[in-house]
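So in the UniProt record's numbering, the last spot in the sequence shown is 431, and the numbers never skip.
Hints are not guaranteed to be accurate.
Pairs of lysine-lysine residues, derived as DSS-like cross-links and limited to a Cα-Cα distance of at most 30 Å, are as follows [stated by the list, open to error]:
#, residue 1, residue 2
1, Lys352, Lys326
2, Lys348, Lys326
3, Lys231, Lys326
4, Lys326, Lys188
5, Lys196, Lys323
6, Lys348, Lys188
7, Lys429, Lys326
8, Lys326, Lys258
9, Lys323, Lys352
10, Lys323, Lys258
11, Lys258, Lys429
12, Lys231, Lys258
Here are the in silico distance ranges between beta carbons for each label pair [said to hold, decoys possible]:
#, residue 1, residue 2, range
13, Gln320, Leu406, 20 to 26 Å
14, Trp311, Leu403, 21 to 27 Å
15, His324, Ile410, 19 to 25 Å
16, Ala191, Leu248, 47 to 53 Å
17, Glu423, Val200, 53 to 59 Å
18, Glu101, Ser418, 30 to 36 Å
19, Asp369, Phe186, 54 to 60 Å
Since the hints were made in silico from the structure, they are not lab data. All residues carry an ideal CB built from backbone N, CA and C; glycine is no exception.
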Amino acid sequence: MAGTTEKSIAPNPIGGTSERRNRRKRLQLSCGECRQKKVTAFPLARLSCDRKLPCQRCVRSGWPEQCSFEAKIRPPPVSNDQSTQQQARRNSEEIRDLQAEVAQLKGLLSKAHPQYEVQNGAEVVRTTDRAEPSQAVFLDETFKDQSPADVTKFQLSDPRERSPHGYYSQHALLQFFREIPQLFPFIKENADEYLKPRGVYLKKEKSVRKECKTNSPLQEQSILEGLLPHKDDVDFLVSFYLDHFEQLHRVIHVPTFKREYATFWAPGRLRYPAMTALVLSMLSISACTSVSLSETSTPSTHGTMPAQWIWACDEWLRQQSSKHRKLVHCQISCLTYLAKRMNMIRKKSWWKETGALMQDAITDGLHRDPSPTIDSPYMREMKRRIWAVLRELDLQNAFEFGLPTLLHNIDSNVSAPSNIDDEFNERSKEL
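Make the full structure from the sequences, and use the hints.
Below you can see the structure in the form of structure tokens.
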């Protein structure tokens, strides 16, 4: 009979008999009525069932409601792979051991550092995310035993708190030269003893062509001074900048600048190229708006001069050495960029220019809070102002161009500039 399960006995080669594995019952595809008719009424006939509900044979016979099919679901095959079970058992044992060790370490560290509980909870959460399914189930069962008050302790710590500090932060290698001043004499002594007799020199020889291309301070000053307008026009444009634009971007220290500007026009006094470039960058900003915003009109020829002033300031900055950058170089860079925005010069390069300004500021260490033992209160405040202006300009271009900024990759600890007037100077001991 098709519906029964039989056992077959096979002879054993060693002797005796052995039972084979029971054959699985085959799932019947025809309905119950058609199968019963085939077995009882017509054992030799071939009755076919169209396997519909109800089938056509039951419909023609007059009892479609009795048509039914077997809906038995075969059980899933049992896996005999013992290695998988053993591996899962070993993983569970390893997880239990690790949990016991973590709990022991947590108890030891919490006595000395109570805040370790938060960090340990964050590590457990990250371990659960990376665990295998079998391991994750075990960890879930472990957390179920804890009360809701314990679960709220597990919070993610700030990424800035986990970042390394000291010699392994930004510009780590350069810190050795500042911390160990004996390093340079040691290198020079060994170079003179071992390398110089063999004709190897550490000092880089600059080519004569490069030296010829570099302008002397007198040549730079003559080029920049040739672009200065008449003194009355310069006074008007500089005062216009100080009264309007300096209130938005606090780039310079107004009392210090006014004192240096008073000696700038003194007869027989040497003018520094940096001061001339700073004045030209201010003129480039004021020249494009002073005519429409003031009653006093400047000469119409100044409308074409800002582009030349900006080019001269850019060229002067390009020729300066990056090893000896001072505060005035950062001020000229900021004002030159603002002049380009005011005059709509090279609009497509603004995002790249602010990115370059940020890189120069990071190289100069403006992203780190100045040390009170190295810089004066005046210098610390001015560095904070420059860094705040650069951050604002870089974020502005990031939003306008839809491009990323460097600020999210910078570990900066600079505090905000002080909200005070420029009543301090270089000799102030506190602000």
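Each hint, compared with the structure:
Under the criterion of a C-alpha separation no larger than 30 Å, the hint pairing Lys352 with Lys326 is consistent with the structure, at around 22 Å. Between Lys348 and Lys326, the direct Cα distance comes to roughly 28 Å. Compliance with the 30 Å bound is thereby established for this hinted pair. A C-alpha spacing of about 27 Å is found between Lys231 and Lys326, which places the hinted pair at or below 30 Å, so the restraint holds. At most 30 Å may separate the alpha-carbon atoms for a hinted pair to count; Lys326 and Lys188 meet this at roughly 27 Å.
Of the supplied pair hints, the one linking Lys196 and Lys323 holds, its CA atoms being roughly 26 Å apart against a limit of 30 Å. Our distance criterion of 30 Å between C-alpha atoms is broken by Lys348 and Lys188, whose separation comes to about 47 Å. Taken as a hint, the Lys429 and Lys326 pair is honoured in the structure, with Cα atoms around 21 Å apart against an allowance of 30 Å. Restraint check for Lys326 and Lys258: satisfied, since their Cα atoms lie roughly 19 Å apart, inside the 30 Å limit.
Annotation: proposed proximity of Lys323 to Lys352 holds, straight-line Cα distance about 22 Å (limit 30 Å). Distance hint between Lys323 and Lys258 is fulfilled; the C-alpha atoms sit about 28 Å from each other, no more than 30 Å. With a CA separation close to 21 Å, the supplied pair Lys258 and Lys429 stays within the 30 Å bound. Only pairs whose Cα atoms come within 30 Å are accepted, and Lys231 paired with Lys258 is accepted, the gap being roughly 15 Å.
With their beta carbons about 22 Å apart, Gln320 and Leu406 fall inside the hinted range of 20 to 26 Å. A hinted range of 21 to 27 Å for the beta carbons of Trp311 and Leu403 is consistent with their spacing of about 26 Å. For His324 and Ile410, the Cβ-Cβ distance of about 24 Å falls inside the hinted range of 19 to 25 Å, so the restraint holds. Range check, Ala191 to Leu248: Cβ separation about 52 Å, and the 47 to 53 Å hint holds.
Glu423 and Val200 have their C-beta atoms about 56 Å apart, which keeps the hinted 53 to 59 Å range intact. With their beta carbons about 50 Å apart, Glu101 and Ser418 fall outside the hinted range of 30 to 36 Å. A hinted range of 54 to 60 Å is violated for the C-beta pair Asp369 and Phe186, which are about 31 Å apart.
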